[in-house]
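Student: Take the sequences, apply the hints, and build the full model.
Line order of the protein sequences matches chains A and B.
Going by this note's numbering, the first residue of the first sequence is number 1, and it counts up by one from there.
Going by this note's numbering, the first residue of the second sequence is number 1, and it counts up by one from there.
Some clues are possibly wrong.
[Stated by the list, open to error] Pulled a few chain A residues facing chain B out of the computed Cβ check, cut under 10 Å:
1) A44
2) L80
3) L102
4) P123
[Stated by the list, open to error] 25 Å max Cα-Cα, derived SDA-like pairs, lysine to any residue:
5) A:K75 <-> B:V46
6) B:K75 <-> A:A7
7) B:K75 <-> A:G112
8) B:K75 <-> B:R109
9) B:K75 <-> A:R76
10) B:K75 <-> A:S54
11) A:K75 <-> A:D111
12) B:K75 <-> B:R15
13) A:K75 <-> B:V86
14) A:K75 <-> B:R52
15) A:K75 <-> B:A61
16) A:K75 <-> B:R83
17) B:K75 <-> A:E49
18) B:K75 <-> A:A8
19) B:K75 <-> A:E78
20) B:K75 <-> A:T47
21) A:K75 <-> A:Q97
22) A:K75 <-> B:Y14
23) B:K75 <-> A:A121
24) A:K75 <-> A:E4
25) B:K75 <-> B:A7
26) B:K75 <-> B:A121
27) A:K75 <-> B:S54
28) B:K75 <-> B:D111
29) A:K75 <-> B:R66
30) B:K75 <-> B:A30
If you are wondering where the hints come from, they were derived from the structure by calculation, not from laboratory data.
Each residue gets a CB set at the ideal place from its N, CA and C atoms; glycine is no exception.
2 protein chains.
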Amino acid sequence: MSFESAAACEQAFYRAFQDADVTSMMAVWAPIGEVLCVHPMGHALVTREQIRASWLEIFAAPVEQRINFELVSEKRGETLCIRTVVENFSIPGSGEQFAPILATNIYWRGDGGWYLITHHASPARNQPAPAEPDPEQTRH
Amino acid sequence: MSFESAAACEQAFYRAFQDADVTSMMAVWAPIGEVLCVHPMGHALVTREQIRASWLEIFAAPVEQRINFELVSEKRGETLCIRTVVENFSIPGSGEQFAPILATNIYWRGDGGWYLITHHASPARNQPAPAEPDPEQTRH
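Tutor: Structure (structure tokens):
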């Protein structure tokens, strides 16, 4: 499977992440060439098998979570696209706040379209929390 | 200042880092276009002024340190080059071990040569420590 744009590939990546669907997750990764995946505080995984195993481990914990991501920066080349995003995790019905994650995602355009080739994610504990409107505190 | 290759730019980046030289450090960053810098556990810095201020803060601590970096992965496009490295820090004369850092460094080829446009660094506490030969324990 491939995608018409890096952004579409990224959507599929986070959908697979949220759905804990390892088949969909691995479908966004480039089938050939070098790949690299760094989970927060983890080391560098450089083969598809290592990457697949890491996602299986993450998906083994049965947590129903929502993942929103916000684009911080994008750079586009002919065959490479780099998108750095802030990932925000939440559990529906829970008010619990999780520290955001910063991820640099790199996409490569092969013959069939765009694929993910690098996901480097890291904790961002100093990230200012996004301002969220509080419906209880509207000033009218 | 610019560099003939992404690798040469990276050498200059780590030399400036080790020398705590903010002028040399800022000379490796692209003078135009978007830039992004994430220090370990830090948030995304997206202007040259933020980036410069962050290095000034890091360099303010007077620590004589050695920085070695090992290339984990490289991807090259026409105008972009992505290098993920493991950074190892040590203090000369000290046996102290520091946790390695993983950094994804992204270089861009402008008219004048190669420049750094992204440095995303994160702690890698699960990284296996590199095996270092111990001169006290040679088996001869």
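Student: Now, for every hint given, state plainly whether the structure supports it.
Tutor: Going through the hints against the structure:
no.: 1; hint: A44; verdict: 5 Å, holds
no.: 2; hint: L80; verdict: 4 Å, holds
no.: 3; hint: L102; verdict: 6 Å, holds
no.: 4; hint: P123; verdict: 6 Å, holds
no.: 5; hint: A:K75 <-> B:V46; verdict: 13 Å, holds
no.: 6; hint: B:K75 <-> A:A7; verdict: 20 Å, holds
no.: 7; hint: B:K75 <-> A:G112; verdict: 19 Å, holds
no.: 8; hint: B:K75 <-> B:R109; verdict: 14 Å, holds
no.: 9; hint: B:K75 <-> A:R76; verdict: 14 Å, holds
no.: 10; hint: B:K75 <-> A:S54; verdict: 22 Å, holds
no.: 11; hint: A:K75 <-> A:D111; verdict: 20 Å, holds
no.: 12; hint: B:K75 <-> B:R15; verdict: 22 Å, holds
no.: 13; hint: A:K75 <-> B:V86; verdict: 23 Å, holds
no.: 14; hint: A:K75 <-> B:R52; verdict: 21 Å, holds
no.: 15; hint: A:K75 <-> B:A61; verdict: 33 Å, violated
no.: 16; hint: A:K75 <-> B:R83; verdict: 15 Å, holds
no.: 17; hint: B:K75 <-> A:E49; verdict: 20 Å, holds
no.: 18; hint: B:K75 <-> A:A8; verdict: 21 Å, holds
no.: 19; hint: B:K75 <-> A:E78; verdict: 13 Å, holds
no.: 20; hint: B:K75 <-> A:T47; verdict: 15 Å, holds
no.: 21; hint: A:K75 <-> A:Q97; verdict: 30 Å, violated
no.: 22; hint: A:K75 <-> B:Y14; verdict: 23 Å, holds
no.: 23; hint: B:K75 <-> A:A121; verdict: 18 Å, holds
no.: 24; hint: A:K75 <-> A:E4; verdict: 17 Å, holds
no.: 25; hint: B:K75 <-> B:A7; verdict: 12 Å, holds
no.: 26; hint: B:K75 <-> B:A121; verdict: 17 Å, holds
no.: 27; hint: A:K75 <-> B:S54; verdict: 22 Å, holds
no.: 28; hint: B:K75 <-> B:D111; verdict: 20 Å, holds
no.: 29; hint: A:K75 <-> B:R66; verdict: 32 Å, violated
no.: 30; hint: B:K75 <-> B:A30; verdict: 19 Å, holds
Violated hints, listed in ascending order, are 15, 21 and 29; each of the other numbered hints is respected by the structure.
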